[in-house]
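Student: The lines below spell out each chain.
Number of protein chains: 2
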Amino acid sequence: MPAEAPIYDRVALIGLGLIAGSMSLAMRRGRLAGEIVGTARSAETRDIAREIGLVDRVVDTAAEAVVDADLVVLAVPVGAMAAVAEEIAPHLKPGATVTDVGSVKRAVIDAVGPHIPEGVHFIPAHPLAGTEHSGPRSGFATLFDNRWCLIVPVEGSDRDAVARLEAMWQGLGAHTDEMDADHHDLVLAVTSHTPHLIAYTMVGVADDLRRVTDSEVIKYSAAGFRDFTRIAASDPTMWRDVFLTNKDATLEILGRFTEELFALQRAIRTGDGEQLFDYFTHTRAIRRGIIEAGQDTDAPDFGRVKPE
Amino acid sequence: MPAEAPIYDRVALIGLGLIAGSMSLAMRRGRLAGEIVGTARSAETRDIAREIGLVDRVVDTAAEAVVDADLVVLAVPVGAMAAVAEEIAPHLKPGATVTDVGSVKRAVIDAVGPHIPEGVHFIPAHPLAGTEHSGPRSGFATLFDNRWCLIVPVEGSDRDAVARLEAMWQGLGAHTDEMDADHHDLVLAVTSHTPHLIAYTMVGVADDLRRVTDSEVIKYSAAGFRDFTRIAASDPTMWRDVFLTNKDATLEILGRFTEELFALQRAIRTGDGEQLFDYFTHTRAIRRGIIEAGQDTDAPDFGRVKPE
Ligand SMILES: NC(=O)c1ccc[n+]([C@@H]2O[C@H](COP(=O)([O-])OP(=O)(O)OC[C@H]3O[C@@H](n4cnc5c(N)ncnc54)[C@H](OP(=O)(O)O)[C@@H]3O)[C@@H](O)[C@H]2O)c1
Ligand SMILES: NC(=O)c1ccc[n+]([C@@H]2O[C@H](COP(=O)([O-])OP(=O)(O)OC[C@H]3O[C@@H](n4cnc5c(N)ncnc54)[C@H](OP(=O)(O)O)[C@@H]3O)[C@@H](O)[C@H]2O)c1
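Residue numbers (my numbering), protein chains in the order written: chain C, 267 to 574; chain U, 267 to 574.
Just so you know, the hints here were simulated from the structure itself, not pulled from any lab data. What you are looking at is a predicted structure, and each value in this text was computed from that prediction instead of being measured. Be aware that one or more of the hints could be misleading.
Any copy, or any two copies together, can satisfy a pair, since identical chains are not distinguished.
[As the list claims (entries may be wrong)] Simulated crosslink set (DMTMM-like; lysine to aspartate or glutamate; CA at most 20 Å straight-line):
{"id": "1", "residue 1": "K513", "residue 2": "D538"}
{"id": "2", "residue 1": "K359", "residue 2": "E398"}
{"id": "3", "residue 1": "K485", "residue 2": "E317"}
{"id": "4", "residue 1": "K513", "residue 2": "D446"}
{"id": "5", "residue 1": "K359", "residue 2": "D443"}
{"id": "6", "residue 1": "K513", "residue 2": "E384"}
{"id": "7", "residue 1": "K485", "residue 2": "D446"}
{"id": "8", "residue 1": "K485", "residue 2": "D336"}
{"id": "9", "residue 1": "K359", "residue 2": "D275"}
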């Protein structure tokens, strides 16, 4: 869906990893931006970005990157957002939109919001797409195709600026929905954050168990385990920040999870087959409901997308 | 790899669900059996099997099915194996091989072994392949292609009979390995049984949480959750039996799992980013090791296979 004119004349990407890189490639595909300027923390990443032409222009600092930008995208780990916001604040163009792609929203709003000057629109967002890879070489243009991007407007967000950002995400290939920050954090704790923690844990357990070798674990994982290891390969910094900043919702879901797990564990220990059967019958019905509602495809990809 | 002559003249399939049905279709593909006779508990399943021609001949009882069979495959839930073994025992042909496809091995050996008459070979096996579907219409010929089938010979198993069964499984498309029953049960507790229990639990939690709707959970599960619901749709009887019969290994792995999960939960609660970062870095290294060892492909399929 190539736009007739670019949606933003100049876009600044702060951070040049999986998400920012994929945005740049998808923006080019859709001709959504007049010019794409990018920067990253390390000289190494900036050099790679220059070498592979990931963006139109690589600059050395975030302050420089945002000059004259109509859209500024914060694509760094959640815990790094506040410092970046503080750095760029004095250089933002009046009327510009600042957005982010962080996996947690309340914490980003609290960290970034106070730095945004009057006359600049701050509209948080979160594209629900990723892979276990990271860094400047990991992006690809189709990452967001047919995925959701949740837009999380804050108190007083300008409707025109929100509509423009949604048009951008649709141009990147995504479907968009608006959601409140706290609800976003709870939904993601259920659908992504807690499952990731569980997968990390299960991989750690397997590795600890010296009586079963890693190679056996992988070779014979007909069901269940391989995707856990894939998840557990995701970027440690990103996930550390997710759990530290979506602490309350994650702890709530974890609490419920261990409660139910203990009930099942007890049923196993006492040999209560009826309870197990009933529980599994119930969850099967949930899955049926999902399929009847047409909300799943047959592709078991653990939410991950493959380049091409 | 079509055999020159059938590996077994007559094969009896006891149970006509996903595994038996797939075996029948794959045996035909490879011309591995002279005649395939099958039976199931319910008249309904037997009728469907007749209607779709799932096997060459459908009979009404297991006792009838095994008459003159060179290979008898027990393809019923693990908890149903003992009764089936007792029923067929007097009708087994001397020199025949009895095998099973149960997901747990020690319990099957204990339940079936005592019923096997002198002169009949009992060689347990477990194909590491499945989908979340079950019943006589769920099988397909390619289910076992490039999957592992673990052969678990018991004390005194005849080597020729073992070799012949391995040739059968290779003809069905699988790679074969031999493994001791207790080790099998521990490895599977790590790679399959505990991950399945965790997935069931996570789906139950999401459904309990009234503040997040099922449709949100699915719609927005960019990572982690969809495959959990797929797993949680697996057959309740089969999984009840797995947990009841692989109790010790599952409880051991669950114990370790909750121990580690609590350590991570505590790190989240206390804001110990360093511990989280180190844990995630460690599990990432495990995944790297796996990829370097060439033991994973890029297909994130949660161990499941799709028909065609
Ligand atoms: N990966 C996913 O699955 C996914 C999905 C949706 C949303 N997100 C969110 O998207 C954001 C970026 O993730 P990503 O996957 O693109 O990560 P990534 O590939 O690791 O890239 C992160 C970028 O941020 C920079 N950075 C890291 N720490 C920084 C710091 N302290 N200060 C300034 N810059 C820093 C890095 O610079 P250097 O390269 O120079 O270190 C790199 O350019 C995160 O907030 C994450 O929560 C990720
Ligand atoms: N599904 C997997 O992912 C998978 C993978 C590897 C191994 N296995 C093992 O393979 C075996 C069969 O599983 P499946 O997936 O093929 O199951 P399935 O599709 O549900 O079929 C089970 C068959 O067993 C029969 N059966 C059920 N309860 C019985 C009982 N009490 N007495 C006699 N027959 C009974 C059923 O007959 P009716 O249709 O008449 O009820 C049906 O024909 C199980 O031991 C399982 O552990 C399964």
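Student: If the cut is 20 Å between Cα atoms, do K485 and E317 qualify within a copy, between copies, both or neither?
Tutor: Neither, since 38 Å and 38 Å both go past 20 Å.
Student: Can you give me the call for K485 and D336, within, between, both or neither, at a CA distance of at most 20 Å?
Tutor: neither (50 Å within a copy, 31 Å between copies)
Student: Up to 20 Å between alpha-carbons, please classify K485 paired with D446: within, between, both or neither.
Tutor: between (43 Å within a copy, 16 Å between copies)
Student: I want to check one pair: K513 and D446. Are their C-alpha atoms no more than 20 Å apart within a copy, between two copies, both, or neither?
Tutor: within (17 Å within a copy, 43 Å between copies)
Student: Which holds for K513 with E384 at a C-alpha limit of 20 Å: within a copy, between copies, both or neither?
Tutor: neither (30 Å within a copy, 62 Å between copies)
Student: State whether the alpha carbon distance between K513 and D538 is at most 20 Å within one copy, between copies, both, or neither.
Tutor: between (34 Å within a copy, 11 Å between copies)
Student: With identical chains treated as interchangeable, where does the CA-CA distance between K359 and D275 reach 20 Å or less: within a copy, between copies, both, or neither?
Tutor: within (13 Å within a copy, 81 Å between copies)
Student: From the Cα coordinates, with 20 Å as the cut-off, is the pair K359 and E398 best called within, between, both, or neither?
Tutor: For K359 and E398, the Cα distance exceeds 20 Å both inside one copy (35 Å) and across copies (54 Å).
Student: Evaluate K359 and D443 at a C-alpha cut-off of 20 Å and name the case that applies: within, between, both or neither.
Tutor: Intra 27 Å, inter 65 Å, cutoff 20 Å: neither.
Hints 2, 3, 5, 6 and 8 from the list above are not met by this structure, while the remaining hints are.
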